[in-house]
Amino acid sequence: MDPLSKTFTLIFLITTMAAIGLKVTTGEIISAFSDRSLMIRSLLVNLILVPLLGLVLIKIVPMSQDAKIGILLLAAAPGGLNAIQFTSKTKDALCYAASLLFILTLLSVLLSPIIAGFILPIEISISLPYGNVIRFLLLYLLLPLMSGLVIHRLSKQIAGILSKPAAICGTFFFVVVVIRMLAQRKQAMAAMSSVEIVTMIGFIILMMIIGWLAGGPSSETRRVLATATSMRNAALCFIIATNGFPDTNVIVTVVAFSGLMIFPNMLFTVYGIIKERKSSKNNFKTIVV
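When we follow our numbering, the leftmost residue of the sequence shown carries the number 210, and every step to the right adds one.
Please keep in mind that the hints were generated in silico from the structure rather than gathered at the bench.
These numbers come from a predicted model, not from an experiment.
Beta carbons: idealized from backbone N, C-alpha and C, even for Gly.
Please note: incorrect hints may appear among the correct ones.
[Said to hold, decoys possible] Below are the BS3-like pairs computed for lysine-lysine, each with C-alpha atoms no more than 25 Å apart in a straight line:
hint : residue 1 : residue 2
1    : Lys215    : Lys298
2    : Lys268    : Lys373
3    : Lys300    : Lys487
4    : Lys300    : Lys484
5    : Lys487    : Lys373
[Unchecked claim] Quick list of the computed label-pair ranges, beta carbon to beta carbon:
hint : residue 1 : residue 2 : range
6    : Ile367    : Ile328    : 46 to 56 Å
7    : Ser356    : Met248    : 20 to 30 Å
8    : Met355    : Leu422    : 47 to 57 Å
9    : Gly369    : Gln396    : 40 to 50 Å
10   : Pro374    : Leu351    : 17 to 27 Å
Whenever a hint applies, use it, and build me the whole structure from the sequences.
In structure tokens, the structure reads:
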């Protein structure tokens, strides 16, 4: 990713997390952890079921060794940062979305090398710049969220005024980054076989289904978990692939996946928003009648 795209990505993360903090309270964020059953299911799906699914796919689908390694790295790394662009569009599950993103991203940094070590078909020592990654999480995820929460606590009126522009700003820069990265992702997809592309799309859809089924009775939490599960931590995988698999197409697989996972989740989010608005209108009509 070029320096300008990195800057735009940081702006997207900061403004989106700040917008969430401006909309909710500290108590609501804490309450998101109170549903232990949901949180445990979320972690089991992302840290156990998805890696197992990745293993099954590479066993039954004929692919190149580099593509297999790339898919397994992605299966081992939850907490894709771009997921917050879609999960933040929920209303009732907004706190769960923010909490889940932070937890999955943190656990991804701590556990992905261990999980990858178990499921990769070759032995390799995986090292990460843990200090830099954790500093990134604190500065660009936790700090903006906490800042928004503080403003919300001090003045709900000011928080209400700032939340919408912050959310719009986040969406704008997300779109800019997607457009800027489009050529690179298309090039990566072109370097892969049609079987490998179809397999990754199938992997994404299966992860969405698993997340949806594990999300509980609420359609809001189901949407959040479906998206959070299917959008893997491509940035972390890119670091691992660059350091552990230089001069291979493992990086190409990661880049291609990072582009493929956006469109299904965008459609899924738009569908959810439209369905939610129709439901709200129907409920309003019922109340009026």
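Which constraints among the numbered hints does this structure fail? Numbers only, ascending.
2 and 8
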